[in-house]
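These are the residues of each chain, in order.
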Amino acid sequence: MALASPASAPGIYAGVANVIAAVMLLLEFGMLRQALARDQVRLYAAQSALISVLAVVIAADRNLPDLYALAGLSAALKVVTVPLVLRRLLRGTVGDEEAPGVAGSQAVTPATAVLAGIVLAAFGFFSFGALGIRSPAAPPTALSIAAAMVLMAFGLMIVRRDVASQAIGFLSLENAISLAALVVAAGLPLILETAFLFDLLVAVVVFGMLIRAHHSRAESLSTADLTRLRG
Amino acid sequence: MSAALPIPVIQLLQVLTVAVAAPVLTGVIAKVEARLQGRRGPRVLQPYYDLAKLFRKEALAPQTASWFFLAAPVIAVAAYLTIPLLIPVLTSYGLPLGYMGDILGGGFLLALASFVVATAALETGDPYAQLGSSRTKTFSAIAEPVVLFVVFTVALLTGTDLPYALAATVRSSAGQVIRPAHLLASAALFMVILAETGRIPVETHTGTNEFGMIEEARAFEHSGPYFALLKWGSELKQLILYTILANVFLAPWGLASTQQIGAIILAILALLAKAAAVGCVVAVIDNSFAKLRLFKITEFVAGAFLLAVLGVFTLYLGGG
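Residue numbers (the working numbering), protein chains in the order written: chain A, 1 to 231; chain B, 1001 to 1320.
Be careful, since some hints might not be right.
Claimed, not checked - Here are the simulated lysine to any residue pairs, SDA-like style, with alpha carbons at most 25 angstroms apart:
| hint | chain 1 | residue 1 | chain 2 | residue 2 |
| --- | --- | --- | --- | --- |
| 1 | B | Lys1296 | A | Gly155 |
| 2 | B | Lys1291 | A | Gly155 |
| 3 | B | Lys1296 | A | Ala35 |
| 4 | B | Lys1296 | A | Gly208 |
| 5 | B | Lys1296 | A | Val202 |
| 6 | B | Lys1296 | A | Val108 |
| 7 | B | Lys1137 | A | Val114 |
| 8 | B | Lys1296 | A | Arg217 |
| 9 | B | Lys1296 | A | Ala113 |
| 10 | B | Lys1053 | A | Val108 |
| 11 | B | Lys1274 | B | Leu1005 |
| 12 | B | Lys1296 | A | Gly30 |
| 13 | B | Lys1296 | A | Leu64 |
| 14 | B | Lys1291 | A | Val114 |
| 15 | B | Lys1296 | A | Ala111 |
| 16 | B | Lys1291 | A | Thr112 |
| 17 | B | Lys1291 | A | Thr109 |
| 18 | B | Lys1296 | A | Leu50 |
| 19 | B | Lys1291 | A | Asp225 |
| 20 | B | Lys1057 | A | Leu77 |
| 21 | B | Lys1137 | B | Leu1081 |
| 22 | B | Lys1231 | B | Leu1016 |
| 23 | B | Lys1296 | A | Phe198 |
Hints were generated in silico from the structure; no laboratory data involved.
Model, not experiment: these values are computed from the prediction.
So here's chain B without its partners, still in its complex pose (with noise of 0.2 angstroms):
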């Protein structure tokens, strides 16, 4: 157990522990939420069945619609497997190309892959897969904001905006830990990734009523393979998220500081374990909480807005 590790395989296990982990995070929350509501609920591996089923459909496409249509769910996952290249996945140490991009490098990666998938969604015709585009570019704009009050935060606490300095700083000592700026953009982060990943307070994430839905019903006119990929997108955004929220920000603890096996296949579990401990609380979140009216949805984004511009006030104080 004690062979390194060549540095391009652990660049590309980052991006392997997420592509094939991405269904099992959404399987496990499944779970959890059938069993706190006393159903038993799918297996945890339903996902994956579901992906291999939906490819080996048929895949069909609106006459209206262009070559577009079908190139943006491609364009959509390969954007989703280049980001796991600029974070903190597995090792506490930068990999040569995680300074290809910042925060920012990662956070126009998933606009892309949001606007492609808008965009096509336009281009069926279909009122319902236009309405899901139309609410998720307004909503997005409104986080967006927050983000980068999240950004600023970072940078502020780092001198840098690069993931891998301020998981280093986080690691650096307890009081970087417990100061108001770090656990406030945590918490504004935390209520966008909620917003992004389609949950309770701001979208049910099983629903079949279509009024209510935002990000869900983007993908109504994609089928077989088409509509696989933009699944299995949405879940590996869910985990992309949830790995910046934790090896980022929260629990940056468990990544690997060497090349040796051990220590990476130690990486992988914690992160399974750190996304999993994440999921249980959005769990808990969509059975403790209603979904908040459409009109609603921008006071929650604007209360995560409050929570991210206080923590910058604080950090300008000195000493926050």
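Isolated chain A (complex conformation) (with noise of 0.2 angstroms):
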């Protein structure tokens, strides 16, 4: 019996570009569900690691011996630095290492974020796709995935009431623009990446102050008593 052929495959470096692409998106989705601040963390330690190994992946495949150097630094800074720092920040104000941190800031249930992440998500992919980019280092599918987490980790910061919630969120659109930027432009000069990657650390820095300032005056994380002005 004849069958229909199979659909082509793109290749083994795409697909293992794509995988880790996706693998990052579904991280996203477990930052969106997350209840505790530092399970957040981890989560998004786990995918700035991801974006190290992607960085690694293409620069075997396509001999950039930069790249290596940026995998290796984005690691230090993003997967050791930056967690541990917002884990610093986070235990003064959370009380106890088991304090339920943000759980409960969520302005939906869970499922409603999923599943409204789920629509963003296909938005992104949509869109990007729509757009017919095609670079000869990028695989269309890990683009596309780019722009739904840019999406997803806007709704991250929308759908949750509280300061950490929305550093993560602003953080992993880092992450986002990171994957897109690799996937685009893989040959960027080191020194531009770099630069980057320490506006990062700036932005950590400023989230960082203002946590404790919202926290010193507000006595919570939750953003719910901003809404008011005060005078």
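Combine both chains into one complex, guided by the hints.
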């Protein structure tokens, strides 16, 4: 019996890049769903580790030794330093380690949040797919997944009412943009990439100060207290 | 060892392999689980002794029950024994009856078996049996869309929805294995299998606590040979689902590509090894996670749905 010919596979390199991108998107969904700030930070670290792995894969495939350095630098910064700093910041504010932290800060129920996330991701997917950006380096799917992740990160910042989750959302937004940058412009000069990474460090410091300031004034991490102006 | 078996014999062997090997798989999982907990555990062949004991016992039925109560276990086992005709159990080439139904056909048979057992449980008037069938139907209604999306993935990948075609596609190149659509669909299917075979994190498999029961509670009023058929039926379902996962999605290697006796025997051994490997993974999961609260099960299945939907998305973008 004659079977229809199978859909052509994109090849091993593109397959690995797409799988890493898809797992990063799944971790983004995990952050949306996760109730504990500590576990959100852990998911962020895992996502950052994946982007370093992707950098190594791209470096090996297209002979870009610069990218190895970038992967190491990015891992040191985003897998180790930023999560450590975030944890230190949160330890002072949410009480002991076991404190629920950001639980209950969801503006909508987790199921609704995930469904909304699927819709957002679909919009990101198909709008970028329709643009038809083709670069010799880029598997188009990974680029569309990066677009979906950007929208999901915005969604995460919107549906959570606490500063910690919003900071995580912002940082994972940076991860999404790094993914897009890696896929589209892998050959970017190392100095520029490094500059972007250190921008991130500035963002972490600013967020840390904001979290501290907000917590010392409002005695909570919730942004619900900020809706009313006080004279 | 080079004699060729006639096709009808191979077809029959597919059913026999599943029918005979199903209880031992349950035994292996129970043994591995006990080992991981530091117990010696029951013999691997214990499920056979259980079935033999039950087949010798007297059968009783509630007074309110009709003939359907007794017919249901037989119909369920008949449905389960039909499915191995449709899926690649031993051979990589399609056997004549293999094109009788596609993945949806197999899904309908699984659903039919589950439906008759649930209906029989409703006839008894036992609150726990009714609770079990009501919960089973509720949760399988949520799992259904996941399976549909997995089928969509298969259809987009192969242009058909025949299990043989997907297995051939996966075998064709390494690129077909590591594409996200294939991995996401396989993961979603695995989560559905955990839910459908009543394993942690959805249900404790060997519990006696009725409040946590889903599938196990349905057979409360059956006894003797009918209870044995229901037990054997759920063991058959487990092996069939593992076979679909291993031989169609994850590892369609080791199947016989000829009609030689040696190749067929190798295929039988390979199937047993693959099913045992999946069983070991399930046993580890059983031991490492807690059972979810009943209302959290929907979230578990929603996770599987997310995986399946993302799989279809990546395929639509081309290249996924």
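Now the hints, each set against the structure:
Between Lys1296/B and Gly155/A, the direct Cα distance comes to roughly 23 angstroms. Compliance with the 25 angstroms bound is thereby established for this hinted pair. Using a Cα cut-off of 25 angstroms, the hinted pair Lys1291/B and Gly155/A is violated, with the two alpha carbons roughly 30 angstroms apart. Between Lys1296/B and Ala35/A, the direct Cα distance comes to roughly 14 angstroms. Compliance with the 25 angstroms bound is thereby established for this hinted pair. For the given pair, Lys1296/B sits about 34 angstroms from Gly208/A by alpha-carbon distance, which is inconsistent with the 25 angstroms threshold.
Restraint check for Lys1296/B and Val202/A: not satisfied, since their Cα atoms lie roughly 39 angstroms apart, outside the 25 angstroms limit. Pair hint Lys1296/B plus Val108/A holds up; C-alpha atoms about 16 angstroms apart against a cutoff of 25 angstroms. Distance hint between Lys1137/B and Val114/A is fulfilled; the C-alpha atoms sit about 24 angstroms from each other, no more than 25 angstroms. This hinted pair does not check out: Lys1296/B and Arg217/A have alpha carbons roughly 37 angstroms apart, beyond 25 angstroms.
A distance of roughly 15 angstroms separates the Cα atoms of Lys1296/B and Ala113/A; the hinted pair therefore holds under the 25 angstroms criterion. Distance hint between Lys1053/B and Val108/A is unfulfilled; the C-alpha atoms sit about 53 angstroms from each other, more than 25 angstroms. Only pairs whose Cα atoms come within 25 angstroms are accepted, and Lys1274/B paired with Leu1005/B is accepted, the gap being roughly 23 angstroms. A distance of roughly 15 angstroms separates the Cα atoms of Lys1296/B and Gly30/A; the hinted pair therefore holds under the 25 angstroms criterion.
The straight-line distance between the Cα atoms of Lys1296/B and Leu64/A is roughly 46 angstroms, outside the 25 angstroms bound, and the hint therefore fails. At most 25 angstroms may separate the alpha-carbon atoms for a hinted pair to count; Lys1291/B and Val114/A meet this at roughly 22 angstroms. A threshold of 25 angstroms between alpha carbons decides the hint, and for Lys1296/B with Ala111/A the separation of about 10 angstroms falls inside it, so the pair holds. The straight-line distance between the Cα atoms of Lys1291/B and Thr112/A is roughly 23 angstroms, inside the 25 angstroms bound, and the hint therefore holds.
Distance check on the hinted pair: Lys1291/B and Thr109/A sit about 22 angstroms apart at the alpha-carbon level, within 25 angstroms; holds. Annotation: proposed proximity of Lys1296/B to Leu50/A is violated, straight-line Cα distance about 29 angstroms (limit 25 angstroms). Proposed proximity of Lys1291/B and Asp225/A is contradicted: the alpha carbons are some 37 angstroms apart, above 25 angstroms. A hinted pair counts as satisfied when its Cα atoms are at most 25 angstroms apart, and Lys1057/B with Leu77/A does not qualify at roughly 68 angstroms.
A threshold of 25 angstroms between alpha carbons decides the hint, and for Lys1137/B with Leu1081/B the separation of about 22 angstroms falls inside it, so the pair holds. With a CA separation close to 17 angstroms, the supplied pair Lys1231/B and Leu1016/B stays within the 25 angstroms bound. Between Lys1296/B and Phe198/A, the direct Cα distance comes to roughly 41 angstroms. Violation of the 25 angstroms bound is thereby established for this hinted pair.
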